[in-house]
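Asks: Sequence:
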Amino acid sequence: MAERVQQPPAKRLCCRPGYNPACRQGQRAGGAACSGPGTAQGGSGKTQSPESLLDIAARKVAEKWPFQRVEERFERIPEPVQRRIVYWSFPRSEREICMYSSFNTGGDESGATGENSDETRLPFRRGIALLESGCVDNVLQVGFHLSGTVTEPASQSEPEIVCNVAISFDRCKITSVTCSCGNKDIFYCAHVVALSLYRIRKPDQVKLHLPISETLFQMNRDQLQKFVQYLITVHHTEVLPTAQKLADEILSQNSEINQVHGAPDPTAGASIDDENCWHLDEEQVQEQVKLFLSQGGYHGSGKQLNLLFAKVREMLKMRDSNGARMLTLITEQFMADPRLSLWRQQGTTMTDKYRQLWDELGALWMCIVLNPHCKPEQKICWLKQLKKWNSVDVCPWEDGNHGNELPNLTNALPQGANANQDLASRPHRTVFTRAIEACDLHWQDSHLQHIISSDLYTNYCYHDNTETSLFDSRGWPLWHACARVDALRSHGYPREALRLAIGIVNTLRRQQQKQLEMFRGHKKELLHKGMTSITSLEGWVGHPLDPIGTLFSTLMETCREDEDCTLSFSSFTGTMGQSKSLDYQHFPMHRFLEEGESYLTLAVEIALIGLGQQRIMPDGLYAQEKVCRNEEQLIAKLQEVDLDDTLVKIFRKQAVFLLEGGPYSGLGELIYRESVPMHTFAKYLFTSLLPHDAELAYKIALRAMRLPVLESTAPMGDMSRPHHIASVVPNRYPRWFTLSHIESQQCELASTMLTAAKGDGRRLETVLESIQKNIHSSSHIFKLAQDAFKIATLMDSLPDITLLKVSLELGLQVMRMTLSTLNWRRREMVRWLVTCATEVGVYALDSIMQSWFTLFTPTEATSIVATTVMSNSTIVRLHLDCHQQENLASSARTLALQCAMKDPQNCALSALTLCEKDHIAFETAYQIVLDAATTGMSYTQLFTIARYMEHRGYPMRAYKLATLAMTHLNLSYNQDTHPAINDVLWACALSHSLGKNELAAIIPLVVKSVKCATVLSDILRRCTLTTPGMVALHGRRNSGKLMSLDKAPLRQLLDATIGAYINTTHSRLTHISPRHYSEFIEFLSKARETFLMAHDGHIQFTQFIDNLKQIYKGKKKLMMLVRERFG
0 MAERVQQPPA KRLCCRPGYN PACRQGQRAG GAACSGPGTA QGGSGKTQSP ESLLDIAARK
60 VAEKWPFQRV EERFERIPEP VQRRIVYWSF PRSEREICMY SSFNTGGDES GATGENSDET
120 RLPFRRGIAL LESGCVDNVL QVGFHLSGTV TEPASQSEPE IVCNVAISFD RCKITSVTCS
180 CGNKDIFYCA HVVALSLYRI RKPDQVKLHL PISETLFQMN RDQLQKFVQY LITVHHTEVL
240 PTAQKLADEI LSQNSEINQV HGAPDPTAGA SIDDENCWHL DEEQVQEQVK LFLSQGGYHG
300 SGKQLNLLFA KVREMLKMRD SNGARMLTLI TEQFMADPRL SLWRQQGTTM TDKYRQLWDE
360 LGALWMCIVL NPHCKPEQKI CWLKQLKKWN SVDVCPWEDG NHGNELPNLT NALPQGANAN
420 QDLASRPHRT VFTRAIEACD LHWQDSHLQH IISSDLYTNY CYHDNTETSL FDSRGWPLWH
480 ACARVDALRS HGYPREALRL AIGIVNTLRR QQQKQLEMFR GHKKELLHKG MTSITSLEGW
540 VGHPLDPIGT LFSTLMETCR EDEDCTLSFS SFTGTMGQSK SLDYQHFPMH RFLEEGESYL
600 TLAVEIALIG LGQQRIMPDG LYAQEKVCRN EEQLIAKLQE VDLDDTLVKI FRKQAVFLLE
660 GGPYSGLGEL IYRESVPMHT FAKYLFTSLL PHDAELAYKI ALRAMRLPVL ESTAPMGDMS
720 RPHHIASVVP NRYPRWFTLS HIESQQCELA STMLTAAKGD GRRLETVLES IQKNIHSSSH
780 IFKLAQDAFK IATLMDSLPD ITLLKVSLEL GLQVMRMTLS TLNWRRREMV RWLVTCATEV
840 GVYALDSIMQ SWFTLFTPTE ATSIVATTVM SNSTIVRLHL DCHQQENLAS SARTLALQCA
900 MKDPQNCALS ALTLCEKDHI AFETAYQIVL DAATTGMSYT QLFTIARYME HRGYPMRAYK
960 LATLAMTHLN LSYNQDTHPA INDVLWACAL SHSLGKNELA AIIPLVVKSV KCATVLSDIL
1020 RRCTLTTPGM VALHGRRNSG KLMSLDKAPL RQLLDATIGA YINTTHSRLT HISPRHYSEF
1080 IEFLSKARET FLMAHDGHIQ FTQFIDNLKQ IYKGKKKLMM LVRERFG
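Position one of the sequence shown corresponds to residue 0 (numbering that gives the first Met the number 0), numbered consecutively onward.
What the hints contain is simulated information worked out from the structure, not anything from laboratory work.
Every residue gets a Cβ at the ideal spot worked out from N, C-alpha and C, and that includes glycine.
Please note that the accuracy of each hint is not assured.
Calculated cross-link-like contacts (lysine-lysine; reagent style DSSO-like; alpha-carbon spacing at most 30 Å) [claimed, not checked]:
1) K698 - K523
2) K316 - K387
3) K522 - K652
4) K698 - K804
5) K959 - K901
6) K387 - K522
7) K59 - K522
Here are the in silico distance ranges between beta carbons for each label pair [stated by the list, open to error]:
8) D439 - D136: 47 to 57 Å
9) F852 - G1058: 44 to 54 Å
10) D136 - E78: 22 to 32 Å
11) E639 - M794: 51 to 61 Å
Whole structure, please, built from the sequences with the hints as guidance.
Replies: Rendered as structure tokens:
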């Protein structure tokens, strides 16, 4: 809170008309200690004498009446009575002080600014430390005003600070605080806490005076003048200008101050018109919320806002009117957030954490308007404010979606002529819509009052009959009833909330039994028609108000071990900041529970009922994410409970209900195509039931594996008239934004079953069939295959061959699914499959090679599959004998030749490599290459195979392939860095080494394919260095003459090279820039070297230079450089 040094103005004017000085004669004008009877709050408690009637009456008056009403009611109030009323008017409980000086009562609280996470730095803790260190002094109570000084001890970085603290109070509430420390925060500073606790804990040490106006009444004129003059003397620098101004106004007959009867007294307590509430700095609340929102979720702002919401709930639980006041301030800042209009303009959605804050805001307003003891005028005021916010364009929608939404479901479902009303014309539901609708709910229903007020109403339900009740036999609308439970809990009525929660659970259990009976009666008819339906458009799990979570929490809070419904404040302060383990037990049976039941069993059962409800997947990303998130949160709470025999019975009972529940259950035999999947819930049920009833566990898990939204066709049936519900869901192609998460949960469920079924061949086969039928994602099936492989080959046990075969079968399915689609993990999948097949055995490897065309591409089959199978590591791993090795090699060669025929471009080289040890197969592969060389193979592939042939000792075959490659090649004049240059040089070197005839045959191909002068000149020089065929295959040198440049074939190559230089020169000069002049001169120098290789080369080059000078004479600088170098 922002603590200001200036004192607030007095709340009311005080005077005593008809005052009789005689009645005050002889009475003490000084002060007296705040002594009271031994039962005074915070006293030593040494005396055991009964409380006096005066103290009892004064305490009650101090709690309920403003002091002005007391003065007006009685003409004369004896001074002892005034003192006791003033004494008892100060707060007596430290709990409220703590509430207004710290965020919450848990161990995660921190300062409002989030700067200090250390609990000892919390204002309440620091205030206690200051009090216990004796830092509070000069404590004085004058009427309804408490003041004192609190000394902040010096630290290494800060000097000692003395803070002046002043507190006003009324009817056991602090109504105003000021402190000179200057700290600005939402809550009271540590100095205010220290002074307040001093007054509560040590009332006998606080000197108490009546209000200052009472003291002044006892003074005569001389005493009053002396009092005023002394006051001005002591504080002349501060009050002298004010004193003179007041004196002037009083002396002026017509001044405003003389028109008012009496004078203000800041110590005289509250007037009748003053609202009795704890001090809350509204400005600081607004500033802090605005700051947190501006940080956009960074720096822990989201956590701070959640702590503010928790503070609102804490205030509501204490029945503090500031709860609604603070929530109003928070909401106003939320509505003023500039990001709302920005997001709406840009068409973008708000962040998930921000949406959750809005959800909590809406839920809190539900609690506010459902306050069972709020006044009608309060509810009217809140309704007006809610409607105002609701009408703002940027007010967030309930489901976080800006598309078509579900219709308004908080009134009765549409019937008759209005049933087909256009959904688009319905108003959008905002986060405040449910709170607005809840304003029409009341607590006067006699049946409802009977439930929440009686412990003797055994096995009661929320409804008497389905015609007039708010909660009908279908359990709709459940959120109305659960919102009442949340409201009762929030406003400090835990026992009433518990009774109502039990009534709702009983209703749902009865409803579930009736639904089961109804479905069993029509089962044959429905299954024959293949009818699917959705019985609840609003799911209970994922609902904005979380009705199932509310019921679960209400019941679970009652059965915490060693914990009452409401903690005493002593235990609250003692355990503050200590995490208490959430151990639950079956609470002793109460009169309003059935025999053998406990709060724990009811909580678990209602969670199972809610999670198993068949519900439609909502529209919008946020709403769908919330369904998943709430389901996981509820399951996480269930997992904290240790299952005993009683709970296992509940699990079995609910599992049977779910399997046989028909259209009401998400695990029924037929479900609506867009029902929320049950994978996550079923996995929890499976793991919980497996040790106790494996057959039932597998039934649940296998039933939940389905995902009909991904099926190519929806289930057949008459969907125009769904069973037991109006057809209000529009036909649309489903947009499941959370589909990837849902599929991963489906995969987790399958993996859990595979793990559990290890060693059980029958169950493994059943799980495998379910996976193959229901999982449509290749990546998830691949993950399952890998999981099964890991489980089957654990290091501490022998491989499970059945599970290995399941793994292999899943891997084969992945291969078939991804064969014709792009998948970035495909190579990993292929390598893994070969590894898996190797573990299974040699027959598995042979099988995948025999049917390779249904599993692999030709490239994968040759480069990965066959190559791995033929490797030494595989032979060693399988301990193969010679016969088995030959069979595998034969299969691999057959595969290689088939692949080479189908895709020679990518498989020919691998086929040749695989067939090296078999002459016939090798020749066949070579012939395949030759057949494909003229049509489908590139020069790169042919050069690669040619080099391989040379390396294997087949130079003539290499030469043949190189000439074929040359026919596909085309190098232009400026491609002097082309990657194929090395291949061309190698081909020419190979031809040169074979002999003159081979060189003569390849040079025309080179001349035709290569136009790059530097490459041609390089080839020319290499051919003139040695005699063709000079270097034999064994390195023996022959004596022979060098080839003449004047005769074929080198003459043809020389002419082509010179021509290439001439063409390249002209091409380069067309777009040459000055920075390339020196490079061009070097190029001409290389050209001259080539020209001079001809017998008339000097003349040709001179003519060439002269032509350049004539044609490009405009390039004076360049031509000058040419003349300097070449004349």
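Asks: Each hint: holds or not?
Replies: Quick rundown of the hints versus the structure:
The straight-line distance between the Cα atoms of K698 and K523 is roughly 21 Å, inside the 30 Å bound, and the hint therefore holds. Our distance criterion of 30 Å between C-alpha atoms is met by K316 and K387, whose separation comes to about 27 Å. The hinted pair formed by K522 and K652 meets the criterion: a straight-line CA distance of about 20 Å does not exceed 30 Å. In summary, the hint linking K698 to K804 is supported, as the alpha carbons are separated by about 23 Å, within the 30 Å threshold.
The suggested pairing of K959 with K901 holds, with an alpha-carbon distance near 22 Å, which does not exceed 30 Å. Distance hint between K387 and K522 is unfulfilled; the C-alpha atoms sit about 50 Å from each other, more than 30 Å. Straight-line distance between C-alpha atoms of K59 and K522 comes to about 66 Å, which puts the hinted pair past the 30 Å bound. D439 and D136 have their C-beta atoms about 56 Å apart, which keeps the hinted 47 to 57 Å range intact.
At roughly 51 Å, the beta carbons of F852 and G1058 sit within the given window of 44 to 54 Å. Checked against the hint of 22 to 32 Å, the pair D136 and E78 passes, with Cβ atoms roughly 27 Å apart. For E639 paired with M794, a C-beta distance near 33 Å fails the hint of 51 to 61 Å.
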